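Sequence lines, in order, name chains A and B. Just so we're aligned, residue 1 is where the first sequence starts under this note's numbering, counting upward by one. Just so we're aligned, residue 1 is where the second sequence starts under this note's numbering, counting upward by one.
Rather than coming from a laboratory, the hints here were simulated on the basis of the structure. Warning: the hint list may mix true and false statements.
[Claimed, not checked] Sample of chain A residues with no beta-carbon within 10 Å of chain B, all distances over it, derived:
(1) GLY2
(2) GLY72
(3) ALA81
(4) PRO100
(5) ALA191
(6) ALA195
(7) GLY251
(8) LYS280
[To be verified] A partial selection of chain B residues facing chain A, derived with a Cβ cut-off under 10 Å:
(9) TYR52
(10) GLN118
(11) ILE143
(12) TYR180
(13) ILE230
(14) SER281
(15) SER320
(16) PHE322
(17) GLY340
(18) LEU368
(19) LEU386
All values derive from a computational prediction rather than experimental measurement. Cβ coordinates follow ideal geometry from the N, Cα and C atoms, glycine included.
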Amino acid sequence: MGYCPNTPDDIRDMLAVIGAASVEELFAPIPADLRAKSFDLPPGMSELELMRLMREKAASCGADITPFIGGGIYDHFIPAAVDHLSSRAEFYTAYTPYQPECAQGTLQALYEYQTTICRLTGMEASNASLYDGGTAVAEAALMSLRITDRHKVILDGSVNPLHREIVTGYLHGLSAEAVAVAPDGCASDLAHLMAAIDDETAAVIVQSPNFFGSVQDFRELAQKAHDHEALLIVSCYPIAMGLVASPGEMGADIAVGEGQSLGNPLSFGGPYFGFIATRKRFIRNLPGRIVGETVDHQGRRGFVLTLQAREQHIKRHKATSNICSNQSLCALRGLIFCASLGEKGFGELAQLNYDKAQYAKSVLGAVRGVDLLNDGATFNEFTLALPKDAAEVVQRLLDQGVAAGVPLGQYYPGMERALVVTVTEKRTKDEIDRLAALLEEVLWS
Amino acid sequence: MELIFEKSVSGRTGVRVPLSDVPKAAPLADAVRRRDPVRLPEVGELDLVRHYTNLSRRNFSVDTNFYPLGSCTMKYNTKVTENAGGLFASCHPMLALLPGGDKLVQGPLAIVYELERQLAEITGMEEVTTQPLAGAHGEMTGIMVIAAYHKARGDQKRKYVIVPDSSHGTNPASAAMAGYEIVTIPTAPYGDMDLDLFRQAMSDEVAAVMLTCPNTLGLFNPHIAEICAIAHEGGALTYYDGANLNAILGKVRPGDVGFDVIHVNLHKTFGTPHGGGGPGSGPIGVRGDLVRFLPTPRVVRRGDGSYGVEDHPEGIGRVSDFFGNFGIMARAYAYITLLGREGLIEVSEQAVLNANYMMARLKEEYELPFDQTCMHECVFSASRQLEHGVHAIDVAKYLIDRGFHPPTVYFPLNVKEAIMIEPTETESKQTMDAFIEVMLEAARMAKENPERLHQAPVTTPVGRLDETRAARMQQVCCE
Numbered sequence: 001m002g003y004c005p006n007t008p009d010d011i012r013d014m015l016a017v018i019g020a021a022s023v024e025e026l027f028a029p030i031p032a033d034l035r036a037k038s039f040d041l042p043p044g045m046s047e048l049e050l051m052r053l054m055r056e057k058a059a060s061c062g063a064d065i066t067p068f069i070g071g072g073i074y075d076h077f078i079p080a081a082v083d084h085l086s087s088r089a090e091f092y093t094a095y096t097p098y099q100p101e102c103a104q105g106t107l108q109a110l111y112e113y114q115t116t117i118c119r120l121t122g123m124e125a126s127n128a129s130l131y132d133g134g135t136a137v138a139e140a141a142l143m144s145l146r147i148t149d150r151h152k153v154i155l156d157g158s159v160n161p162l163h164r165e166i167v168t169g170y171l172h173g174l175s176a177e178a179v180a181v182a183p184d185g186c187a188s189d190l191a192h193l194m195a196a197i198d199d200e201t202a203a204v205i206v207q208s209p210n211f212f213g214s215v216q217d218f219r220e221l222a223q224k225a226h227d228h229e230a231l232l233i234v235s236c237y238p239i240a241m242g243l244v245a246s247p248g249e250m251g252a253d254i255a256v257g258e259g260q261s262l263g264n265p266l267s268f269g270g271p272y273f274g275f276i277a278t279r280k281r282f283i284r285n286l287p288g289r290i291v292g293e294t295v296d297h298q299g300r301r302g303f304v305l306t307l308q309a310r311e312q313h314i315k316r317h318k319a320t321s322n323i324c325s326n327q328s329l330c331a332l333r334g335l336i337f338c339a340s341l342g343e344k345g346f347g348e349l350a351q352l353n354y355d356k357a358q359y360a361k362s363v364l365g366a367v368r369g370v371d372l373l374n375d376g377a378t379f380n381e382f383t384l385a386l387p388k389d390a391a392e393v394v395q396r397l398l399d400q401g402v403a404a405g406v407p408l409g410q411y412y413p414g415m416e417r418a419l420v421v422t423v424t425e426k427r428t429k430d431e432i433d434r435l436a437a438l439l440e441e442v443l444w445s
Numbered sequence: 001m002e003l004i005f006e007k008s009v010s011g012r013t014g015v016r017v018p019l020s021d022v023p024k025a026a027p028l029a030d031a032v033r034r035r036d037p038v039r040l041p042e043v044g045e046l047d048l049v050r051h052y053t054n055l056s057r058r059n060f061s062v063d064t065n066f067y068p069l070g071s072c073t074m075k076y077n078t079k080v081t082e083n084a085g086g087l088f089a090s091c092h093p094m095l096a097l098l099p100g101g102d103k104l105v106q107g108p109l110a111i112v113y114e115l116e117r118q119l120a121e122i123t124g125m126e127e128v129t130t131q132p133l134a135g136a137h138g139e140m141t142g143i144m145v146i147a148a149y150h151k152a153r154g155d156q157k158r159k160y161v162i163v164p165d166s167s168h169g170t171n172p173a174s175a176a177m178a179g180y181e182i183v184t185i186p187t188a189p190y191g192d193m194d195l196d197l198f199r200q201a202m203s204d205e206v207a208a209v210m211l212t213c214p215n216t217l218g219l220f221n222p223h224i225a226e227i228c229a230i231a232h233e234g235g236a237l238t239y240y241d242g243a244n245l246n247a248i249l250g251k252v253r254p255g256d257v258g259f260d261v262i263h264v265n266l267h268k269t270f271g272t273p274h275g276g277g278g279p280g281s282g283p284i285g286v287r288g289d290l291v292r293f294l295p296t297p298r299v300v301r302r303g304d305g306s307y308g309v310e311d312h313p314e315g316i317g318r319v320s321d322f323f324g325n326f327g328i329m330a331r332a333y334a335y336i337t338l339l340g341r342e343g344l345i346e347v348s349e350q351a352v353l354n355a356n357y358m359m360a361r362l363k364e365e366y367e368l369p370f371d372q373t374c375m376h377e378c379v380f381s382a383s384r385q386l387e388h389g390v391h392a393i394d395v396a397k398y399l400i401d402r403g404f405h406p407p408t409v410y411f412p413l414n415v416k417e418a419i420m421i422e423p424t425e426t427e428s429k430q431t432m433d434a435f436i437e438v439m440l441e442a443a444r445m446a447k448e449n450p451e452r453l454h455q456a457p458v459t460t461p462v463g464r465l466d467e468t469r470a471a472r473m474q475q476v477c478c479e
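This is chain A alone, in the form it adopts within the complex (with noise of 0.2 Å):
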């Protein structure tokens, strides 16, 4: 039932070892007032119950509906060698690997990952991963305010909602401060985020392509940062990496994001991972794991957990960050996608996903009453006026198999009739010609 393998034997064998008569006897160090009063769990099951249980649950996962959502989260294409080769039990029975002799495969991956990660942000050094792409924004916060020894952070409100509510919990226990600059439209507002800007700023974080969409230019906002000694945060879609100026270009000093789209299934919600990458510089202020190469006695190049005196469990409460368990093996299907495309694939998939948004955009803005709200450009996500709810629009497309976009009002006051469309590669242009018409039937008829 458990899966323990000891026969009746070998359990009347281990007892006499120990000395013990029975196997409750070992519990005796237990108070008897402190047993548990109550294990009213269901009898265990087959194989066969479970699955065709969790089938059951599995048919309704909205499995059927075309995606126009993102959110953050994108359905995105993901090779065959992702799921074999995350799949080889010797990385996913594996543990963090504390004995770097018998874990240089996972070791190595990391390193790759790493330099994949750099490769596509920008940066100098990126740590083993993080959680997700909330908690990614909120570490750089903190490290931001660590670096700078400061308390305050600008938070621009076109970044991910969901992420700004998370960085706001992070920073509240520590005292610190999240300066809301609320969009212009779809865009950051950035004469207000620069005038936002003083001496008491550890960081100005933004988002690229934003929550709209919208992708900008960030370089006169990074110099202006600099200028008081403040950093630049951009979280970024790493999809979108391939056609869009990286933190990097645009001058970020750390790089976060939601890692899922490379590689990682919807999965309602996770396991996904996040990823932080920054300036050499800052590397022993970064969270987390950290994978180095170095040598053994004998000369032969290795890998191994590096700058851990930043860790929790040898820094405990003077550590980065109190993260342990890291989202390794959502890395690793990371590594291994980007590594599937290739240099030339990336930038061709990175394409298909502008090319199809640019069509979608064009069709769907031509639907009588609506309107594009985007000034200036976009990747695979624009923000579409309609004439009506928003939110009603997307339960009525809903009904028809479509996932038609994701509302704005409920993160933007005053937006009710604002619309995010995502269109990623896996969607046809049947699908958007679809999407188009239903749009102008639930609007109109």
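Take the given structure of chain A and dock chain B to it, following the hints.
Just chain B now, with coordinates in the frame of chain A:
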């Protein structure tokens, strides 16, 4: 072995990107366009498959080696639960947050809800949230709940969190991230947090005390109820670190003992794979009057039996993007359902039996600082081997040469040269006997040929690595 980047050949392609069925768009404006392509490796699919397959073979893992890593509960990860967890791959979490979207994702919402109920029953807590993404994340969330509780009572002066010196490093680190100062209580000669020093440290400025039970020595603290009572008398709350829950499934429920907040590591107790360092999952449970402080959103069961997602306005806010590491939660739900009540009780009984057997057979040769019945793990010291110049790490490395993943070494910090062994319930006597023989052999070798232990490992692709050089060079990605 070469890096994947070193195997790259310009112009070689792997997986094919689909052809476009839409017109090519006007190029992105220069100011926001990436200048150079992302320098990713250019390899064929077979190159890729061989590379990562061969890399994987440079790992020890539960499926290939006995892995008695103390405090980590490296039990066998059942394969059927892997299949079960994978059934939800195409489910977009945003669907649940769309107006009217919850009815499309009733299956996964039911799993979140039912898993929370299962964990509440197993731990004796009122309600559970699955949002925290790992054990340490659960700790931080739990301490944020405790902070919210004190704040709601207008009790603003509590600024300390108490931890024993034997605690996991994450405990003080998590409390610090939630804004608290840390008071560390030494371990008494009897192996638990010193009760007198704890009493002295308690004051109306203490917000919480965090404990692991069984403690990190693998011992059940007989004073645990008293500690909870002292904390509560002083107005502090008690936090249970669930890392060692595997020892007490069906035997003790932290909620019954008097704990107010707990976290559970699904990747330890509930059989989900460790993934080479994650993903984990760290749900927290709380007592009745703390439920209102749990993070938003909550998955609820409505009167008509359907499931929905609700904001939790009084709560501490959001700690992760959606409902937690759902794929891991689905595996844990499947594991609990598969084993059922009797199976889970068998888990704790066999885990404790195995650990005591290990302890009984090794204590002749290895120093056992606290010689009493242990729970799911036992902690030795290599102090006798040290007399011959052999450290715990030398024994650990020799085990690698003999095909065993080493136990946890140098933790807990309050035992010199610690060797912490957690066999788990899924190992057989025969596997443990083989491990024990090698441990005894290492003890003999420490006396007769310590040099062999210093040289270990010699069978691995690399020998002992120069960690000082790694820290100095800070080479964390290839050029």
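So, going through the hints one by one against the coordinates:
1. GLY2: Nearest chain B Cβ is 4 Å from GLY2/A, so the label is violated.
2. GLY72: 7 Å, violated
3. ALA81: 6 Å, violated
4. PRO100: 5 Å, violated
5. ALA191: 17 Å, holds
6. ALA195: Correct as stated: the minimum Cβ-Cβ distance to chain B is 22 Å, above 10 Å.
7. GLY251: 13 Å, holds
8. LYS280: About 7 Å separates LYS280/A from the closest Cβ of chain B, which leaves it inside 10 Å; violated.
9. TYR52: 4 Å, holds
10. GLN118: The hint holds - GLN118/B has a Cβ within 10 Å of chain A, the shortest such distance being about 7 Å.
11. ILE143: This hint holds: ILE143/B lies near chain A, its Cβ roughly 8 Å from the closest one there, short of 10 Å.
12. TYR180: Hint on TYR180/B: holds, closest Cβ of chain A at ~8 Å, below 10 Å.
13. ILE230: 16 Å, violated
14. SER281: 8 Å, holds
15. SER320: 6 Å, holds
16. PHE322: 3 Å, holds
17. GLY340: Because about 3 Å separates GLY340/B from the closest Cβ in chain A, which is inside the 10 Å limit, the hint holds.
18. LEU368: Violated: closest Cβ of chain A sits about 13 Å from LEU368/B, beyond 10 Å.
19. LEU386: Hint on LEU386/B: violated, closest Cβ of chain A at ~20 Å, above 10 Å.
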